[in-house]
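Asker: These are the residues of each chain, in order.
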Amino acid sequence: MFKAEIKSETFKNLMSVISTVVDEVKMTIHPDSLTMKAIDPAHVAMIDTVVEKDAFISYEADETEIGLDLDKIRSVLKLAGPNDTICMEHDPDQGLLTMVIGNIERRMALVDTGSLSDPKVPKVDLPASVKVRLDQLQKGIRAAESVSDTDHIKIEVNTEGFELSCSGDTDLASLKVPASELEMSIEGAVHSMYPLDYFSNIVKVIPSEIVEIQLDVDYPVKLLFDLADGHAHITYLLAPRIENE
Amino acid sequence: MFKAEIKSETFKNLMSVISTVVDEVKMTIHPDSLTMKAIDPAHVAMIDTVVEKDAFISYEADETEIGLDLDKIRSVLKLAGPNDTICMEHDPDQGLLTMVIGNIERRMALVDTGSLSDPKVPKVDLPASVKVRLDQLQKGIRAAESVSDTDHIKIEVNTEGFELSCSGDTDLASLKVPASELEMSIEGAVHSMYPLDYFSNIVKVIPSEIVEIQLDVDYPVKLLFDLADGHAHITYLLAPRIENE
Amino acid sequence: MFKAEIKSETFKNLMSVISTVVDEVKMTIHPDSLTMKAIDPAHVAMIDTVVEKDAFISYEADETEIGLDLDKIRSVLKLAGPNDTICMEHDPDQGLLTMVIGNIERRMALVDTGSLSDPKVPKVDLPASVKVRLDQLQKGIRAAESVSDTDHIKIEVNTEGFELSCSGDTDLASLKVPASELEMSIEGAVHSMYPLDYFSNIVKVIPSEIVEIQLDVDYPVKLLFDLADGHAHITYLLAPRIENE
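Protein chains in written order, with the numbering used here: chain A, 1 to 245; chain B, 1 to 245; chain C, 1 to 245.
Take these hints with a grain of salt, some might be off.
Intra- or inter-copy, both count: the list cannot distinguish identical chains.
When the alpha-carbon atoms are kept at most 20 Å apart in a straight line, the in silico SDA-like pairs for lysine to any residue are as follows [unchecked claim]:
#, residue 1, residue 2
1, K204, T159
2, K204, S75
3, K78, K204
4, K139, R107
5, K139, N103
6, K12, K131
7, K78, D171
8, K176, C87
9, K222, D112
10, K12, K139
11, K78, D135
12, K131, G81
13, K7, S148
14, K204, H30
15, K78, T64
16, K3, A239
17, K222, L196
18, K120, E105
19, K154, H231
20, K139, V100
21, K176, I101
22, K78, L196
23, K176, T20
24, K131, I202
25, K123, D171
26, K3, N158
Treat the hints as calculated values from the structure; they're not laboratory data.
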């Protein structure tokens, strides 16, 4: 059994973020929370989402799993304004999910959960952490995208602050945020390279004003942010591009 | 002779509505009103427009007919703001129409009326009538369009109210408006199926807040709405898709 | 040496205007001003730009030349809001230009100035001059573009005023501004035809409210306008289409 109501904006934001990684996702439902984990087909990006019961307006659930077609869900969510409420109810016998938005009812077939991966998210403990404003990240990415002859971005944290940079053969773009404007915790200077397109895709849809970035040398970067007044937690992991020495 | 002034918004709305059916239309001009009738090339949709003299700012006309190229007219109307006045004058000797918008003059060749059809609009008397808010219809259509494996929409009116619905193999979208929120008159429950694309195209451009829908079982549906403070009347007829039993 | 600060809006406008003529331009830098001249590949349009020191917030320069890739510059300028300041510094040893916008730094390779033309702008003295509002020109061009079977536009100045017109086989579009609404100086009536696409491209990006048009019979037309509170001067020359007699 699964029956819940949620603010349309919260659900839209969740679905947008997970859509950067996969087209279909398994929602693992518990009585007090639900989780969605996914890894992209190229095994470069991974997402781990925990949505607490309190992120919902109402929530009644037994242990169950349902498979969502994210394109279909998102087309339905376009029918809702940001302040509308989405009511969802799972019919396990028919394998259907019914979504109600105002006087619209939308019943849809679910994806077979047997076909959906359930990736193990690695426990990585990264030594550097910095909280950066999303608008800064977005500006840095647009600057990086103006450098045409490269497809990776360098993230760097040291005692001077945070830097996003992108170097081609002759051109360079960089965004620097001084340590004085940041909340950060580091053991030493760290930097790594990541694929620019993946980094750009996730940063474009992050719905939070502040993103925590956790980093190490040639390790996956972790982006952490919350939704629903802190009741939904998202961890996005992106594999590094190892620089050839 | 035909010489008239009209609010650009009124003329834009008329041309947009007729453009959903045909690319060229015959305007039959009388001293006190003008009419435009058209049937689409597939003979699925038909439109019947009556524009009274009072829909115009000024209007002087003898009996005449002119053929309009709707794409050309609409490209000229883009030069006008919603509150601009369009002055039109027919030169029957040259076969030209001159439109004046502020300090812009646009003279254009007319379409030969001999090549334009003049469909007879059937007199159908439909037993069910319901007035629905346009924004409800538009929401219902967007919901229907999210169901990918079907291309028709069901319109239903019964004592409970009005319903637009769309069913695929597994998926279903429906919009219900309860009778208590509607002005309706029915003899019994009626429903029919119509092609979704046609229904969507006309509903997208209807410039009126309320649309009257007249309906019967497996009969054409009639959409009726007014423009120009009730001085222009539009009837749109759409053929049903007969359900196989 | 070249180091300067300029309002992003001023620099954006300059680059947009020059981009209608060429993709790369030579900036010839003097201690008190800089100039950019360009001719389009088909030798139909020419632009001559003089930007005085006072158009900049700060300006330090020796005599030098740098070659700009306009697409690259414009992609960087998209990172700036209209009130941001752009800081530019030329590194002649590396052949690089560094642009700084807030906490973004963008270093880019320059184009070899040897490959860039330095056209001589002809001194033409044209007998008719008229100052026209940009919004009028833009409206006239949109009207002209609605006439599909022609690709040139006629500019005419006479004692009655200014007229932009476009005639196809049967259709005609014209914009007239009466002399009473214009500041003009003419010796006699003049008119010439120009390629509509070129005229449209430059008029779309002119950032000034008033454009001075200088004209003669079958001569290039000159469009003159200023930027940066009158501290940057742009002359655009467009070759006529000679009408066959």
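Asker: Indicate, hint by hint, whether the structure satisfies it.
Answerer: Each hint, compared with the structure:
For the identical chains of this complex, K204 and T159 are neighbours neither inside a copy (27 Å) nor across copies (48 Å), given an alpha-carbon limit of 20 Å. For the identical chains of this complex, K204 and S75 are neighbours both inside a copy (19 Å) and across copies (18 Å), given an alpha-carbon limit of 20 Å. For the homomeric pair K78 and K204, the shortest alpha-carbon distances inside one copy (18 Å) and between copies (16 Å) are both at most 20 Å. Taking CA atoms no more than 20 Å apart as the test, K139 paired with R107 passes between copies only; the shortest distance there is 16 Å, against 40 Å inside one copy.
Proximity of K139 to N103 under the C-alpha cut-off of 20 Å is restricted to the inter-copy arrangement: shortest distance 9 Å between copies versus 40 Å within a copy. Taking the closest pair of Cα atoms, K12 and K131 never come within 20 Å of each other, the shortest separation being 24 Å inside a single copy and 33 Å across copies. For a Cα distance limit of 20 Å, the shortest separation of K78 from D171 across copies, 17 Å, qualifies, whereas the shortest one inside one copy, 40 Å, does not. Proximity of K176 to C87 under the C-alpha cut-off of 20 Å is restricted to the inter-copy arrangement: shortest distance 16 Å between copies versus 44 Å within a copy.
Taking the shortest alpha-carbon separations for K222 and D112, neither the intra-copy value of 30 Å nor the inter-copy value of 42 Å comes in at or below 20 Å. Taking the shortest Cα distances, K12 and K139 sit within 20 Å of each other only across copies (18 Å), while inside one copy they are farther apart (23 Å). For a Cα distance limit of 20 Å, the shortest separation of K78 from D135 across copies, 15 Å, qualifies, whereas the shortest one inside one copy, 25 Å, does not. When the C-alpha separation of K131 and G81 is checked against a cutoff of 20 Å, the pair qualifies neither within a copy, at 30 Å, nor between copies, at 24 Å.
When the C-alpha separation of K7 and S148 is checked against a cutoff of 20 Å, the pair qualifies neither within a copy, at 40 Å, nor between copies, at 25 Å. In this homomeric assembly, K204 and H30 never come within 20 Å of each other (Cα to Cα): the closest approach is 30 Å inside a single copy and 42 Å across copies. For the homomeric pair K78 and T64, neither the shortest alpha-carbon distance inside one copy (26 Å) nor that between copies (48 Å) is at most 20 Å. When the C-alpha separation of K3 and A239 is checked against a cutoff of 20 Å, the pair qualifies neither within a copy, at 36 Å, nor between copies, at 40 Å.
With identical chains, the CA atoms of K222 and L196 are at most 20 Å apart within one copy only, with a shortest distance of 15 Å there and 46 Å across copies. Proximity of K120 to E105 under the C-alpha cut-off of 20 Å is found in neither arrangement, the shortest distances being 35 Å within a copy and 39 Å between copies. Taking the shortest Cα distances, K154 and H231 never come within 20 Å of each other, neither inside one copy (31 Å) nor across copies (41 Å). Proximity of K139 to V100 under the C-alpha cut-off of 20 Å is restricted to the inter-copy arrangement: shortest distance 13 Å between copies versus 38 Å within a copy.
In this assembly of identical chains, the alpha carbons of K176 and I101 lie at most 20 Å apart only when taken from different copies (11 Å versus 44 Å within one copy). For the homomeric pair K78 and L196, the shortest alpha-carbon distance between copies (19 Å) is at most 20 Å, but the shortest distance inside one copy (28 Å) is not. For the identical chains of this complex, K176 and T20 are neighbours neither inside a copy (26 Å) nor across copies (34 Å), given an alpha-carbon limit of 20 Å. Within a single copy, K131 and I202 get their C-alpha atoms as close as 16 Å, which meets the 20 Å cut-off; across copies the closest is 45 Å, which misses it.
Neither within a single protomer nor between protomers do K123 and D171 lie at most 20 Å apart by alpha-carbon distance, with minima of 37 Å and 39 Å respectively. Within a single copy, K3 and N158 get their C-alpha atoms no closer than 47 Å, and across copies no closer than 30 Å, so neither meets the 20 Å cut-off.
Of the numbered hints stated above, those contradicted by the structure are hints 1, 6, 9, 12, 13, 14, 15, 16, 18, 19, 23, 25, 26, listed in ascending order.
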